[in-house]
Structure formats: structure tokens, C-alpha cells
Amino acid sequence: MSSISKNNETNKNSMLTLNELNKRKVVEHNDLISSVAKMDKTPLKIFELAVSCIDTDNPPKDNTIFLSKKELFTFFKVSDNDKHSRFKEAIEKMQKQAFFQIKEVKNEGYEMISIVPIPTVKWNNYNDEVMIRFNQDIMPYLIDLKQNFTQYAISDIMELNSKYSIILYKWLCMFYNQYEHYTGKGGRRTEQVEGYRNPSITVKDLRMLTDTVDEYPRFDNFESWIIKKPLDEINSHTHFKVTYEKIKKGRSIDSIIFHITKRHMTKDNSYKIEDTTYKEAMSQREDREDKLAIEAIKSKYTKLLLEHFLLAPYDMTDIAIMAALQKNVYPKYDELKELRGIDGVKKHLSYVKDKQLPYSKGNIGKYLKKSIEEYLPIVKRQEI
Numbered sequence: 026m027s028s029i030s031k032n033n034e035t036n037k038n039s040m041l042t043l044n045e046l047n048k049r050k051v052v053e054h055n056d057l058i059s060s061v062a063k064m065d066k067t068p069l070k071i072f073e074l075a076v077s078c079i080d081t082d083n084p085p086k087d088n089t090i091f092l093s094k095k096e097l098f099t100f101f102k103v104s105d106n107d108k109h110s111r112f113k114e115a116i117e118k119m120q121k122q123a124f125f126q127i128k129e130v131k132n133e134g135y136e137m138i139s140i141v142p143i144p145t146v147k148w149n150n151y152n153d154e155v156m157i158r159f160n161q162d163i164m165p166y167l168i169d170l171k172q173n174f175t176q177y178a179i180s181d182i183m184e185l186n187s188k189y190s191i192i193l194y195k196w197l198c199m200f201y202n203q204y205e206h207y208t209g210k211g212g213r214r215t216e217q218v219e220g221y222r223n224p225s226i227t228v229k230d231l232r233m234l235t236d237t238v239d240e241y242p243r244f245d246n247f248e249s250w251i252i253k254k255p256l257d258e259i260n261s262h263t264h265f266k267v268t269y270e271k272i273k274k275g276r277s278i279d280s281i282i283f284h285i286t287k288r289h290m291t292k293d294n295s296y297k298i299e300d301t302t303y304k305e306a307m308s309q310r311e312d313r314e315d316k317l318a319i320e321a322i323k324s325k326y327t328k329l330l331l332e333h334f335l336l337a338p339y340d341m342t343d344i345a346i347m348a349a350l351q352k353n354v355y356p357k358y359d360e361l362k363e364l365r366g367i368d369g370v371k372k373h374l375s376y377v378k379d380k381q382l383p384y385s386k387g388n389i390g391k392y393l394k395k396s397i398e399e400y401l402p403i404v405k406r407q408e409i
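Add 25 to a position in the sequence shown, counting from 1, and you land on the number used in the numbering used here.
Honestly, the hints are just simulated from the structure, not real lab data.
Check each hint, because a few of them may be wrong.
Claimed, not checked - Straight-line alpha carbon distances no greater than 35 Å define the calculated DSBU-like cross-link-like pairs of lysine-lysine that follow:
1. Lys171 / Lys50
2. Lys131 / Lys273
3. Lys147 / Lys171
4. Lys395 / Lys405
5. Lys328 / Lys316
6. Lys287 / Lys66
7. Lys63 / Lys188
8. Lys254 / Lys113
9. Lys50 / Lys210
10. Lys94 / Lys48
11. Lys48 / Lys118
12. Lys66 / Lys118
13. Lys131 / Lys229
14. Lys66 / Lys266
15. Lys372 / Lys391
16. Lys66 / Lys171
17. Lys253 / Lys63
18. Lys405 / Lys378
19. Lys271 / Lys254
20. Lys391 / Lys210
21. Lys325 / Lys371
22. Lys271 / Lys128
23. Lys128 / Lys188
24. Lys121 / Lys86
25. Lys323 / Lys405
26. Lys94 / Lys121
27. Lys323 / Lys362
28. Lys210 / Lys394
29. Lys352 / Lys362
Model the full structure from these sequences, guided by the hints.
What follows is the structure, given as C-alpha cells:
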């Protein structure tokens, strides 16, 4: 094979690997993101890459995942002849020096835990496979993610070349994810949700987070290396556009407020800002609910629910209830009507009324949704 052909094949393989990396996400518990990473950027990036291989729905057997050397070198953009020895040095350093210092809040105070995240790495000189085994004590922070977790793109981490950039990016993601969650789901006051998009941290806590308590004693140096330079990287290489302001207490800087805007990738691989305020998002959501509620009030199914005493007249003044019926229940009634006619819908409602449980009065929308979702598959099987 000619040198040109070899180069073309290498570039093709690199592109395939890069495309795979672009699809992967990292998911970590917020306690881990808020912990102190006692390591430099290379071990931290290896850890992040390894975590992106975990399927939280199917946790790895024996806490073990497998990477390819090709994937590692693409991730670190390493192509020189010395890459294997550099990788070996990075792994040795990670296992000898790197650990997370996690602070867990308990009822009586807090507990500090120090965990070496990856105690075992295995590779050889005759194939492309690298085995990575996680410490069992780190696994709950990577797979037990029912609540208080954060997700972000491994491709964003790939482009960051400073430990402080990675730490700050993950911390900002932790807050912005909550902003997106509560913007879509509701459940928080406007000022609380806006606070997630504009998170604040004291300089003392930022020093703790970045493990710089004893470094950069002058604030101007601290600001330059821990805030300005990392934000330059984050703004250049990730989905975020972040600015900040300094808050004084007396004559000194007490805290930092970050202002986060999310950008979306366009077809030409450039970023476009597409962000709305919480008020705007909630206004759009309310408009959608209003329209659904109006449709529900006009629906023949609302009249049937009233006739069967499954819906009270005052329920019709609750926009959330009516919107939920129009969105989640009435389309199912349409399906039943197609199969059994309007008399089939009436028969179902009579049965639901007779079997109505006491708790259903407190949340009639959920009760009706559950009832039709359980009944409709039975009807469909009978039709077959």
C-alpha cells in the first residue's frame, strides 16, 4: 500500500472514530461533579472518556469497559510515534496520583470520601484493545442516577485543554441542565429557574472546586487562570457561551455570577445561539395549554365525562386538567371509537365510573389516562 493510501485509510478511520465520539454522552452524579478532582487534565480526560462508554441502563459487568487505542489517540489528537509511551505515562500517573475527593452531606454533618477512580488498566502490544476497570466505590456516582445527575457531550470535553476548563464546564452543565429541566417541566419559581442559568459561587468555593486553595493568592492571577482562560476555551469549543460578573463584599471580590447561553450546531458546523428566557418558555407553554384546554372544552368527550359524573363543572375551569385530557386521553378515546363506535366509549366510561377509586378524584386526568391505556390493548386483542 502506498503512503498516500495509508494516509487516506488512517484519516478515514479517524473520521469514523470521531463520529462515534460525537454521539457519546457522559452522565455523572452531581456529587461527583461538585467534588475536588485531585489530578491534572490528562487523567481527568481519560476518566471522562471511559465514563462515556458506560450504558447506565446496562451497567458494565465487573465495572469493566473496553476502549480502543485508536479511540484514545483520536480523543487526545495524538498522532506522533511517541504516543504509546505518553499514554503509558498518563495511565501510571492517573493510578498513582489521581483521585476524587467527594463531600457527602449527612444528617449530622458531612463525610469526606477519597476515591481512586480507575485502579486497573490493561493493554498489550499486539491488539488495539484497552481494558479499564472502575473502582467499585466510584460506580454509584456513574450508574445510580435516578436523580441529581448531569449529562453532557464527550465531544465538548475533548476540545478542552485545561483541567480548570473541564471542571468549570461540568459545573456549568450541572446548573444549565436544571434550567432546561424546570423550563420544560415547571415546578420552580421564575427566579429559581433563572438562577440555574445564572449560577453564583463564592471565590472560596470556586478555589475548593478547582483545587486552588493554596494557588494564585492574588485575585487577578486567579481570575486569569481559573476563570478567564477556561471560559475562553469553553466559549470557543463547547455548546455554551458564558460571561461572568464579579460581586464585591467590602473591598474584595466575594463571589462570581456566571451567565450561560446555550448554542446549537448548524449544518455548517458553526454555533447558533437559540436560547429563550424562562418567562418566554413558560409563556409558550401556557399558550399551548390554553389552546389544548379550549379544544377539550369543545370536545364531545368532555360532555360524556360530565354525563358520567367523571368530570365536575369546576374541573373545566382548570386549564391544566383540560389540557391534559385533550393531549393524553381524548386521542385514546378516538382509537376506541374507531374500534367500537361511540357506544363503546360510553360503555368504557360507565365501567370507569362504577370502578372509580377514591384517589382518582384528586387527579382525574391521570386516572382516566391510566384506565383507557389499560383497556385499549384488551379491545385491540379482541378485535384481532
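Consistency of the hints with the structure:
{"no.": "1", "hint": "Lys171 / Lys50", "in the structure": "17 Å, holds"}
{"no.": "2", "hint": "Lys131 / Lys273", "in the structure": "32 Å, holds"}
{"no.": "3", "hint": "Lys147 / Lys171", "in the structure": "31 Å, holds"}
{"no.": "4", "hint": "Lys395 / Lys405", "in the structure": "16 Å, holds"}
{"no.": "5", "hint": "Lys328 / Lys316", "in the structure": "18 Å, holds"}
{"no.": "6", "hint": "Lys287 / Lys66", "in the structure": "24 Å, holds"}
{"no.": "7", "hint": "Lys63 / Lys188", "in the structure": "10 Å, holds"}
{"no.": "8", "hint": "Lys254 / Lys113", "in the structure": "29 Å, holds"}
{"no.": "9", "hint": "Lys50 / Lys210", "in the structure": "22 Å, holds"}
{"no.": "10", "hint": "Lys94 / Lys48", "in the structure": "18 Å, holds"}
{"no.": "11", "hint": "Lys48 / Lys118", "in the structure": "29 Å, holds"}
{"no.": "12", "hint": "Lys66 / Lys118", "in the structure": "11 Å, holds"}
{"no.": "13", "hint": "Lys131 / Lys229", "in the structure": "22 Å, holds"}
{"no.": "14", "hint": "Lys66 / Lys266", "in the structure": "22 Å, holds"}
{"no.": "15", "hint": "Lys372 / Lys391", "in the structure": "19 Å, holds"}
{"no.": "16", "hint": "Lys66 / Lys171", "in the structure": "29 Å, holds"}
{"no.": "17", "hint": "Lys253 / Lys63", "in the structure": "21 Å, holds"}
{"no.": "18", "hint": "Lys405 / Lys378", "in the structure": "22 Å, holds"}
{"no.": "19", "hint": "Lys271 / Lys254", "in the structure": "16 Å, holds"}
{"no.": "20", "hint": "Lys391 / Lys210", "in the structure": "16 Å, holds"}
{"no.": "21", "hint": "Lys325 / Lys371", "in the structure": "11 Å, holds"}
{"no.": "22", "hint": "Lys271 / Lys128", "in the structure": "26 Å, holds"}
{"no.": "23", "hint": "Lys128 / Lys188", "in the structure": "20 Å, holds"}
{"no.": "24", "hint": "Lys121 / Lys86", "in the structure": "25 Å, holds"}
{"no.": "25", "hint": "Lys323 / Lys405", "in the structure": "28 Å, holds"}
{"no.": "26", "hint": "Lys94 / Lys121", "in the structure": "21 Å, holds"}
{"no.": "27", "hint": "Lys323 / Lys362", "in the structure": "17 Å, holds"}
{"no.": "28", "hint": "Lys210 / Lys394", "in the structure": "19 Å, holds"}
{"no.": "29", "hint": "Lys352 / Lys362", "in the structure": "17 Å, holds"}
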